[in-house]
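Below are the chains, spelled out letter by letter.
4 protein chains.
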Amino acid sequence: MSSRAKTTPSHMTAAEFDRLFEKVCNWGRWGPDDQLGTLNYITRDHIRAAATLVRTGRSVSMAVPINTVAGPDNPRPAFHYMVQAYDTQNTHTEPQFALDYLACEFHGDCHTHIDALCHIAYRGKLYNGKPMTAVTSRGPLSMDITTYANGIVGRGVLLDIPRLRGVKWLEPGEAVTGEELEEAEKAQDVRLREGDVLLFRTGHHRRRLELGPWNVGYDGEGKAGLHSDAMLMLHERRVAAFLPDGDGETVPSNVEGVAYPVHALQICAMGMAACDSLQFEELVKVCEEEKRWEFMVVAAPLRMPGGTGSLFNPIAIF
Amino acid sequence: MSSRAKTTPSHMTAAEFDRLFEKVCNWGRWGPDDQLGTLNYITRDHIRAAATLVRTGRSVSMAVPINTVAGPDNPRPAFHYMVQAYDTQNTHTEPQFALDYLACEFHGDCHTHIDALCHIAYRGKLYNGKPMTAVTSRGPLSMDITTYANGIVGRGVLLDIPRLRGVKWLEPGEAVTGEELEEAEKAQDVRLREGDVLLFRTGHHRRRLELGPWNVGYDGEGKAGLHSDAMLMLHERRVAAFLPDGDGETVPSNVEGVAYPVHALQICAMGMAACDSLQFEELVKVCEEEKRWEFMVVAAPLRMPGGTGSLFNPIAIF
Amino acid sequence: MSSRAKTTPSHMTAAEFDRLFEKVCNWGRWGPDDQLGTLNYITRDHIRAAATLVRTGRSVSMAVPINTVAGPDNPRPAFHYMVQAYDTQNTHTEPQFALDYLACEFHGDCHTHIDALCHIAYRGKLYNGKPMTAVTSRGPLSMDITTYANGIVGRGVLLDIPRLRGVKWLEPGEAVTGEELEEAEKAQDVRLREGDVLLFRTGHHRRRLELGPWNVGYDGEGKAGLHSDAMLMLHERRVAAFLPDGDGETVPSNVEGVAYPVHALQICAMGMAACDSLQFEELVKVCEEEKRWEFMVVAAPLRMPGGTGSLFNPIAIF
Amino acid sequence: MSSRAKTTPSHMTAAEFDRLFEKVCNWGRWGPDDQLGTLNYITRDHIRAAATLVRTGRSVSMAVPINTVAGPDNPRPAFHYMVQAYDTQNTHTEPQFALDYLACEFHGDCHTHIDALCHIAYRGKLYNGKPMTAVTSRGPLSMDITTYANGIVGRGVLLDIPRLRGVKWLEPGEAVTGEELEEAEKAQDVRLREGDVLLFRTGHHRRRLELGPWNVGYDGEGKAGLHSDAMLMLHERRVAAFLPDGDGETVPSNVEGVAYPVHALQICAMGMAACDSLQFEELVKVCEEEKRWEFMVVAAPLRMPGGTGSLFNPIAIF
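Quick mapping for you: the protein sequence lines, in order, are chains R, S, P and E. Following the working numbering from start to finish, the first sequence increments by one per residue and tops out at 318. Following the working numbering from start to finish, the second sequence increments by one per residue and tops out at 318. Following the working numbering from start to finish, the third sequence increments by one per residue and tops out at 318. Following the working numbering from start to finish, the fourth sequence increments by one per residue and tops out at 318.
In isolation and in its complexed conformation, chain R is listed as follows:
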């Protein structure tokens, strides 16, 4: 059982953060024109190996249903309307069609989505050192979400921190260190390997289901997530993609003057496929039944030119 001490984020200065940024930085690693980042870790062998994890033929969604109700964690609710329903007076032979419409500002704490590598700038730079002017008011000129068009396909490993701690969920503001991730590996008898897709569970969505939504921002209660230091472990293990419930990092930040340091490290420094706001409540039941925390993952963003990210519905296959 991890000690409570780990849950209190240790402080980090801006200078320490910049040193950490350097340590995990992948700029140039895959060439000056690379737009794939850590997805480069996933080789064909990894995909082939991932498919061998499909043993019982079950598939599970890791998406939260699209939410059209405003709330403290959903200030930009999705808009969903019918374009047309049926004319119930008409039962003639001509088929009728029901149509609908969706509008969404999807980078929110309630919308399951993936971020593109152009989504974050730090000190004026994007991943791989590209200038932030590569993103214009009409959209990004490079590293948009279509670089992930063929999807993220690989071995998924779920690290379930509430399970490790023996709690239903982590409380807002609690942080998970790299050390605790390793404890979770041991407790679950799995090990993150190069090219893996890390699914990171804090129980965020479980808490939301049971207690209702809360303000997850800096002006509210915050949320549980990774400690900045944990990025060192993800970097060393060469994790390819990061899919958390919540948005993956503890809020408030433990770094002086840097809000969302984990996002900056993941996306800007490491070039990692970072996702937001998944839910693992259906997945954990299957994991417990299957007694395993590894499976095949297929996660395909919409093929949206100019997207700084995308709504998506990532699937785990057992």
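Bear in mind the hints are in silico, worked out from the structure with no lab data behind them. Every value quoted in this text rests on a predicted model; they were computed, and no experiment measured them. All residues carry an ideal CB built from backbone N, CA and C; glycine is no exception. Some clues are possibly wrong.
Stated by the list, open to error - Ranges of calculated distance between the beta carbons of each label pair, as one might list FRET restraints:
#1 S:Thr-52 <-> R:Lys-186: 39 to 49 Å
#2 S:Ala-14 <-> P:Pro-131: 26 to 36 Å
#3 E:Arg-44 <-> P:Trp-214: 33 to 43 Å
#4 S:Asn-215 <-> P:Ser-142: 24 to 34 Å
Since the structure of chain R is already known, use the hints to place chains S, P and E on it.
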């Protein structure tokens, strides 16, 4: 080589159509409350077997890029806007975020999407005999797209009709019969089996790439696709899902007084997961390289309550 | 000074409500095909007379700024995005254009809007006895907002209830009777006449500015507004249009089993041009300076076919 | 009758254009912080005088109905959906509400709208010399459409060029000079005065109604409108606002290397309230009946913070 005669749809009366509807009707087959339709054909064994098709570790998108430009086949272009780009005057340590927004009426001939079982009513009924009043102006009360939340995972088989015919694409208005599908099977040395995901290529998107968009509707040139009769073959083979380029059926219809008869048969009668407007131009290259037209398919609609369908990005894995 | 007793809505049974509905009902008054309702009261003479009220040449907006921030009274915030900003690297001669986009579900408590006569059905009927099937899932077939295309032009009279009561605003749940409207007339030395546009102030927006937003619904604190009985007075005076701050009626309703009875009476029974969520905070200052509560009003909804209402910016001219 | 020679735009070099820009430039005229531009010309006296033009009590819309159908001049159609229609099974006493939703990228050739002063940058500057960095990807920091919140109220003068020329409409590419505007004044016996609202008719919408839409852009047939030189006349006359059918200027441009020179002159140099895509087909009938081309105009943009313009429905009152 299939004869040209097959490309001219034979006429069908409304009464003949209704008999065909009866023949392929799956109402009640999986119980009165079923909302999964032909996806019931996909068993865990099928999913497990599909994963064994992953031999070279390649993944390929089958989605058309989201299209924001109005045109004769895109009268409802998607709207994509930046919510914010970067403040290029600011290069301080605080990370900056680029955000965007998507709005789409996605049931169009240019948007790669999947239809929910509530999408079509015929003679006042939805699949499984449900009344069309189950779809209200606020959305469907049952059989919305969330019934497919766990995705379509299975064995994909591509039947490439232009390859069979030795042409670049089928011309608008040409029809493909069940017999010709069987010819394609033989030519490609594959066979559709129970629970398969059928990918049906007419070369629609290839034609669009080379000649530009055209009016695909009844008031225009129409499009190539399945002949209504072909649904008998799909029914007998117990195909689970249908993913065409174009929207899968020939326009104009060969059925008197019934526009879009294939859609009515697939969705309303058979309860089939029917999709629209995929593209296989990247896929066919991989198929030719791999010398096989079967692979694993993972296709996950957005988890959108009330959706009569969804944008999606279906993935083939070799 | 009106007594506190008036502020507590007296109870009304559903049967009493139906009798009130009959009393104020204008169905057939302007013929079976009428779609203008009480705007018929505004004759050319009224418009001409209204223009003579323009004596000092001042114009004042009565709209609340469009609100893109979700809150307890704004669960469907407007979405406003830039389509493009400027390319600041480019200072050549070619003019550049900044463009934007607005999306809004405008019938909300935070969006200044006007209702079309098709906006409300009571017991299955719309204004003038039209069946509610005249509104389909694709939009209304009659009495949409384009019937008001030429705008509401007339004599505006502001009745300022907080001024009468000597308070800054009315509290949520307080009700204003027809008798109190008459008291306000006397206190302000104006009188509502046939064809007038009634601007009705409860101080709703003043309260919002000073105390912040609150939940205005039945599950919240409610709002101040007219008592159902007041519609008798409006009916007898032949008021042409009703423009309140808030949405004009007290919540919760004082009628058993009828939420929003004032809306039903105004729109469905009377065929009145009813508006929502204006603000008079700039107007009252001008009124006090001018020492008059009558002026010209010009209020033009967007010319939106199928609109059940419209965003608008009504203008008072002194 | 104006000679055909006038309809062929004379050529202008970029240097000549810059001299013209200087001649009509109002930067600093109303102080360094001015955001109202030529609306400053409208004094209270002008508004009072405008109201005296209301003699017969008729009001007329000058807006084109909002257009949801894509076409060669409407590549970004408006999206209008019902949020809910009525439940026709329910005829109980509880009132029902029909609700809708509008989404629009309104700066198009088919959407009647007004431009804000921040809408155009020329050589890196906005009106009054403000830097174009005042418009960010999140919206303008100054001179947005809310500066016009109190509406444009004044004397409208319609100059009807097809009437002058004895044609139904001007053909695309034809240009109208200041001299021809003066001819129209004489023919109609009106004279533009300081603070007037100029309504400028080319018959654009009449042509569209009769011949259908056409491509109005540089890559199409273009449109009829003002010659750049005409801005001198508007400047000298101190016109306050400009409301054309079409978008007011001839396309293609007669200025070398400057597309949309009239827009640049009006908005950036002069600070004029410039509008787009009105229609005067209802108005001209009333003008002919009334035998006058002057009237009161009230035009109120939506009060939209950050708007670079707004949909609106301008009203003429006789």
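Hint-by-hint comparison with the structure:
1. S:Thr-52 <-> R:Lys-186: 39 to 49 Å: Once the Cβ atoms are compared, 31 Å apart, the range 39 to 49 Å for R:Lys-186 and S:Thr-52 is violated.
2. S:Ala-14 <-> P:Pro-131: 26 to 36 Å: At 31 Å between Cβs, range holds.
3. E:Arg-44 <-> P:Trp-214: 33 to 43 Å: 38 Å, holds
4. S:Asn-215 <-> P:Ser-142: 24 to 34 Å: Given a distance of about 31 Å, which is inside 24 to 34 Å, the answer is holds.
The structure fails hint 1 only (numbered hints given earlier).
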